[in-house]
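Participant: Required output: the full structure, derived from the provided sequences and hints.
Protein sequences appear in the order of chains A and B.
Each residue of the first sequence is one higher than the one before, starting from 250 at the first, in our numbering.
Each residue of the second sequence is one higher than the one before, starting from 357 at the first, in our numbering.
Treat the hints with care, as some may be off.
[To be verified] Covered stretches of chain B, going by a simulated chain A footprint (3 or more residues, C-beta under 8 Å):
#1 389–400
#2 509–522
[To be verified] Residues from chain A shown here face chain B by an in silico Cβ test under 10 Å; the list is partial:
#3 Cys255
#4 Trp257
#5 Cys258
#6 Thr264
#7 Pro275
#8 Ser309
#9 Ala310
#10 Gly311
#11 Arg314
[As the list claims (entries may be wrong)] Residues from chain B that keep clear of chain A, each with C-beta distances beyond 12 Å, as calculated:
#12 Gln363
#13 Pro483
#14 Pro494
Everything labelled a hint here was simulated from the structure, so no lab data went into it.
We treat Cβ as the ideally placed atom computed from N, Cα and C, and that holds for glycine.
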Amino acid sequence: MLLLNCPWCGPRDETEYHYGGQAHVPYPEEPSTLTDEEWAEYLFFRDNPCGPFAERWVHSAGCRRWFNVVRDTRTYQVLAVYTHSDPRPAVGFGAQAGGPR
Amino acid sequence: MDDLTLQRRSPLADLADRMRDGAVTGSRHVRLAELPFWTMISVRVDPGSPAAAAVEGVLGADLPRWCGQVTAHGLDHVLWLGPDEWLIVSEVAPSDLHGALTDAVGEAHAAVVDVSANRTLLELSGPGARSVLEKGCPVDLHPRAFEVGRAVSTTLARVPLLLCQTGPDTYCLLPRSSFAQYVACWLLDAMQELGSDFQDGSAS
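Facilitator: Dropping the structure here:
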């Protein structure tokens, strides 16, 4: 069981949240100009790193707000929690970015 | 026009007898009751805006600014639901309060909605109340983490609801009307074992 620290409500059980997939996947600037391959890339292709992963969560049983979490997919350790207005934290990225160790 | 409030039935009207008979006696006594027909108004507004100030002017109370906070003035209680969302639970007639708030907000970017029929209010009271809730609520209700006058949006028995502590041994639960019967039956079942004198020694 994860204990996620909602930016607005504080620490709550994982059961109060829903998962929203990878964070920082922007909607294409000009969707109509994309090829089918690029559109499929945007819709369906997501990273699957072994290590820190920035992902979206919503506190559906609480304040119903979306926020981002950096979670280590190997240990389930939550490395950072931040809102959409916060910059993406450097924690877990940088030296380790880009894949398995 | 006929007074339609005479026709209304609370979501748990059918369970009133079971709730009365289900009260548990003994050292860890606990009882469950429905307190229906509260006025509830949902307010969504930017907390720093003039419209928020207008809402606060009507209520005579500040809008709560952090999770768990409840403010009150007169017959109104204001619960924090989110950074820009509140629930007013009041004894004022819905049309009066809703009208006063919509007039105060005017054309501003805000939503004031009468949601009185959305939820019903259950009161769980007695020394055993916290033990009952702890069976199905993920929030830490121990006095070191929760106290009288706090209200949070959480789950009980996997069902979303609002939970407020209104006294040292008294909690108010506000499930959606359609979940109310399930919540009441779940609580009645969870209460039963407290009638036993058996102590497991882990009381804190």
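Participant: For the stretch 389–400 of chain B, do three or more residues have a beta carbon lying closer than 8 Å to a beta carbon of chain A?
Facilitator: violated (count 0)
Participant: Let me know if the C-beta of A/Ser309 comes in closer than 10 Å to any C-beta of chain B, holds or violated.
Facilitator: 8 Å, holds
Participant: According to the definition I'm using, a residue is off the interface if its beta carbon is farther than 12 Å from all beta carbons of the partner; does B/Pro483 meet that for chain A?
Facilitator: 26 Å, holds
Participant: Can we keep the A/Cys258 interface hint, with Cβ of chain B closer than 10 Å?
Facilitator: A/Cys258 check passes; min Cβ-Cβ to chain B is 4 Å, inside 10 Å.
Participant: Far enough from chain A: is every CB of that chain over 12 Å from the CB of B/Gln363?
Facilitator: 33 Å, holds
Participant: Hint A/Cys255 vs chain B: min CB-CB distance below 10 Å?
Facilitator: Where the cut-off is 10 Å and the nearest Cβ of chain B is about 8 Å from A/Cys255, the hint holds.
Participant: Beyond 12 Å from chain A, beta-carbon-wise, is B/Pro494?
Facilitator: 4 Å, violated
Participant: Report holds or violated for the interface hint on A/Pro275, using the least CB-CB distance to chain B and a cut-off of 10 Å.
Facilitator: Violated: closest Cβ of chain B sits about 24 Å from A/Pro275, beyond 10 Å.
Participant: May I ask you to test the interface hint for A/Ala310 with respect to chain B, counting a Cβ-Cβ separation under 10 Å as satisfied?
Facilitator: Result: holds, 5 Å to nearest chain B Cβ.
Participant: Quick one, is the A/Gly311 hint okay against chain B at 10 Å, beta carbons?
Facilitator: Where the cut-off is 10 Å and the nearest Cβ of chain B is about 5 Å from A/Gly311, the hint holds.
Participant: At a threshold of 10 Å, is the proposed contact between A/Arg314 and chain B supported by beta-carbon distances?
Facilitator: 6 Å, holds
Participant: Are three or more residues of the stretch 509–522 of chain B within 8 Å, CB to CB, of chain A?
Facilitator: Per the Cβ count (5), the hint holds.
In terms of the numbered hints stated before, the structure departs from hints 1, 7, 14, listed from lowest to highest.
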